[in-house]
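With chain A's structure known, arrange chain B on it following the hints.
Chains as they are written, first to last, in our numbering: chain A, 1 to 376; chain B, 1 to 115.
The set of hints was computed from the structure by calculation and includes no laboratory data. Do not take every clue at face value.
What the hints assert, rightly or not - Facing chain B, according to a computed beta carbon distance under 8 angstroms, are these residues of chain A, among others: (1) Ala135; (2) Gln136; (3) Pro138.
Only a predicted model underlies this, so the values are computations on that prediction, with no experimental measurement involved. Glycine is no exception: its CB is placed at the ideal position from the N, C-alpha and C atoms.
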Amino acid sequence: MVRILGNFDVAEEVVQDSLVTALDKWPQQGIPDNPGAWLMTTARRRAIDLLRRERKWSEKVALLEHANMSEGETDDRLRLIFTCCHPALAQDVQVALTLRAVAGFTTSEIAAAFLVAEPAMAQRIVRAKRKIVAAQIPYRVPEGDELAPRLDAVLAVLYLMFNEGYLSRGPQSGMRRDLAEDALWLSRLLDSLMPGQPEILGLIALMRLNLARSAARFDAAGELILLADQDRRLWDAQKIADGVATLERAALEGRPGPYQLQAAIAAVHAEARTWERTDWRQIVLLYDALLQLSDTPVVRLNRAVAVSHLAGPEVALGEVNDLSIALADYHLFHSTRAELLERMGEDALARQARLRALELCQNPAERALLMRRLSG
Amino acid sequence: MKYVLLFVGTRDDQDRWDQMTPEQIQASMGGAGKWFEKYGQSGKITGGEQLQGYKTVTTVRSEHGKPVVTDGPFIESKEVIGGFAIVNVKDYDEALEMAKSWPAGAVEIWPVMEP
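The shape of chain A in the complex, shown without the other chains:
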C-alpha cells in the first residue's frame, strides 16, 4: 500500500480506517478466508476516496483501481455486497450498508447523502448489523435459482443510489459526496467480480449515458433544465460513446433485461443531435419491450410521454389518465399531465395539475422547475 501510494501518512490513515471497519465486522461475521486481501481491498477503496479529493493524484488512483485482485479478495467483496443487499433488510438499509461496508462511506456521509440526521442513520446501520448477526443472515454469494433475484436486488440498490445522487445534483449538493459516481464505481466493481452478467453492464451503460448529460442538466443559476431544452453541445461525447459501447457488450450476451432496455432508451436520446430529431418510434418500441419484462405504472407513464411525440398529446393523455389511481401520489404523474394539457392549450387544467405535482415533490431542483413553470 505504501509502495503504491508513496505517501505514508495517507497509507497509514487508510489502513487504520479499514482495520476499524474489519474489527467492527469480523467478530460478528467471522474472519474472511483471506483477511490480508480483504484489508487491502478496503484500504485501497478508502485510499481512492481520499485521493479522489485531490485531483493531482489521478494517476495513482488509476494505479490503485487497476491493481490485481486475488481470488479470495474477489469472493469476499462479492459476499459483502450480497449480504448488504439481502432481502431480509429494508431497501434503504441495504443502500446504507452497501455504502458503509463496500464503498467506504462514513456514517455522516451516508446521513448527508440521504438528508437524514446522523444519529438516526447510525441507529439504522447498527440495527441492520444486529439483525444480520442475530438472524444469521449468511455471508455468501447466492447460487443457482437464488442468484438472479438476489442480483436484481443488488442492482436495484445501486440504481437507487445512483438516482439519489443524480437527481439531487444541484446548487445545494456541494457538501454531499457524489452518490452517482460512487454507484457507477460500485457497479463497475460488481461487473469485475461477476463478469458476463448483461444486466450489470446494462446498468453501467444506463448510468454512463445519464452522467454524460450532467453538464447540461443545470443552468448557471443551478436550475434544472429538461431534456428538450438542454444544450446538447455540453453533453460528453466520450461518455456517451462509452455508454453505448457498454450496452453493445451487454447485448452480445443475448439476454435483454430492464436495465439494458432503459439504457437503450437513454442511448436513443443521447444520439439525437436535437430534441426534434429524437427517434420516438424507436423509443416507443423499446418501452413496449420494457413493458413485456416489467409492466409498471411508471414505465407506462414514460411510454405515454414518448407516444405524445408520435401521436399527439390527446392520445397520450388518455393513456396517462388510465394511471390516475396507481400514480395518484407520484409527482411526475401530475407534472406529465400538466405538460400534456399545456400542449393541448388547456392552461387552467395544466396549472391545477402542476400545483398538485408541487405538493407532492420533495426534490429541491424539481420543485424550483415546477415553480418556474407555474409563474411563467
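Only chain B this time, still in chain A's reference frame:
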C-alpha cells in the same frame, strides 16, 4: 441454526373455516399439509403445530401486579397466528426458502435465541 416460522392468516380466513365442512377445510389446507410433509421428511422441521382459531384464545396479562384474564388474542389485529413450525436449517436463506414456499398465507421468520 433454529428459527420459528409463524404462520399468519386473517380473522376473515378463520371465520370462513367456521362455515366449511371438515372435508372442505382439509382440501383448502392440503398445500400446508404437503409442506409439512416435505420438510418434515427432510428433517428440517423439529416441531410445530396448527392452532385452533382466534375465537378460542384467552389472554392473561398483569395489571398492577394482578393477573387479568380476557377473551381473545393480546393484539387486536386483522392478522392472527394460525400455527408455527420450529425449523433447524443450515442458514437463514434456507429458512427464507421454506417461508417462500408456504402455500397458505404470510410467514414471519423469528430467529431463536441460542444458549
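Cross-check of the supplied hints:
no.: 1; hint: Ala135; verdict: holds, 4 angstroms
no.: 2; hint: Gln136; verdict: holds, 5 angstroms
no.: 3; hint: Pro138; verdict: holds, 4 angstroms
Violated hints: none; the structure is consistent with every hint.
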